[in-house]
Amino acid sequence: MKLYEDYKDHADFLTIYIREAHPIDEWRMKSNEKDKDDVCYVQPKNLEQRVAIANDFTKRFKFSVPFGIDDMSNAANDAFAAWPERLYVLDEMGRVSYKGGNGPFKYDPKEVRAWLAQRFGEVKHEEPAKTAEAR
Amino acid sequence: MGKWIAIIVAVLVVGLVTLLSVMAGSPKDALYMVRYALPYMHRGNLRVGDNAPDVTLVALDGSSRFQLRSELHGKPLVLVFGSFT
Numbered sequence: 001m002k003l004y005e006d007y008k009d010h011a012d013f014l015t016i017y018i019r020e021a022h023p024i025d026e027w028r029m030k031s032n033e034k035d036k037d038d039v040c041y042v043q044p045k046n047l048e049q050r051v052a053i054a055n056d057f058t059k060r061f062k063f064s065v066p067f068g069i070d071d072m073s074n075a076a077n078d079a080f081a082a083w084p085e086r087l088y089v090l091d092e093m094g095r096v097s098y099k100g101g102n103g104p105f106k107y108d109p110k111e112v113r114a115w116l117a118q119r120f121g122e123v124k125h126e127e128p129a130k131t132a133e134a135r
Numbered sequence: 136m137g138k139w140i141a142i143i144v145a146v147l148v149v150g151l152v153t154l155l156s157v158m159a160g161s162p163k164d165a166l167y168m169v170r171y172a173l174p175y176m177h178r179g180n181l182r183v184g185d186n187a188p189d190v191t192l193v194a195l196d197g198s199s200r201f202q203l204r205s206e207l208h209g210k211p212l213v214l215v216f217g218s219f220t
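Sequences listed follow chains A and B, in order. Residues 1 to 135, numbered by this note's numbering, are exactly what the first sequence covers, in order. Residues 136 to 220, numbered by this note's numbering, are exactly what the second sequence covers, in order.
Hints in this document: simulated from the structure, not taken from any laboratory. From the three backbone atoms N, C-alpha and C, an ideal C-beta is built for every residue, glycine too. Incorrect hints may appear among the rest.
Unchecked claim - One-sided excerpt, in silico: chain B residues whose CB lies under 7 Å from chain A:
| id | residue |
| --- | --- |
| 1 | 145 |
| 2 | 192 |
| 3 | 208 |
Could you put the whole structure together from the sequences, leaning on the hints where they help?
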């Protein structure tokens, strides 16, 4: 997550894993099929299943952003109206400073980047140098 | 009169189904969207300036739990909600 890499020295980040958006037993998406992204899971019925999928996710993407999982009461999801994906920024006191729209159409990391840039200035790590093989 | 009302209702239904199909990608996806997505999508009552709810979260080990606000360490906190699928 580039935003995290760019601003992790200025802000803390927390990923919150919530109920699946496109499990195979609900709104199944072609893009999740095995011949494409291979993200085929049923909607978890218990916490163990949700935790297992969350671990699959972090392992597959070597995801380094701090991570928390909503429990099966979906309390975090309900409190933040987060499903299927949403971004917030809290200030140092824990007040909502930015509330993004519901994904996928109104999920916009650029708005969070703009919030962080306004607060801390633009931060952009340089792209990794091209290797000799790539040239 | 009744005939015209039926025609108008039919046109509205076809228009709505077409709109949802375009948004979702296909008529089948539109059905799934109505069945599985719309009931869970909410604007929410939280507003800018509100205190964030201090919900309990589960760690990746599946057994440890922690409070969201315990992740506040004197810096802004970016919350990224989502799932794998």
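(request) If any of the earlier hints don't hold here, list their numbers in rising order. (result) 1
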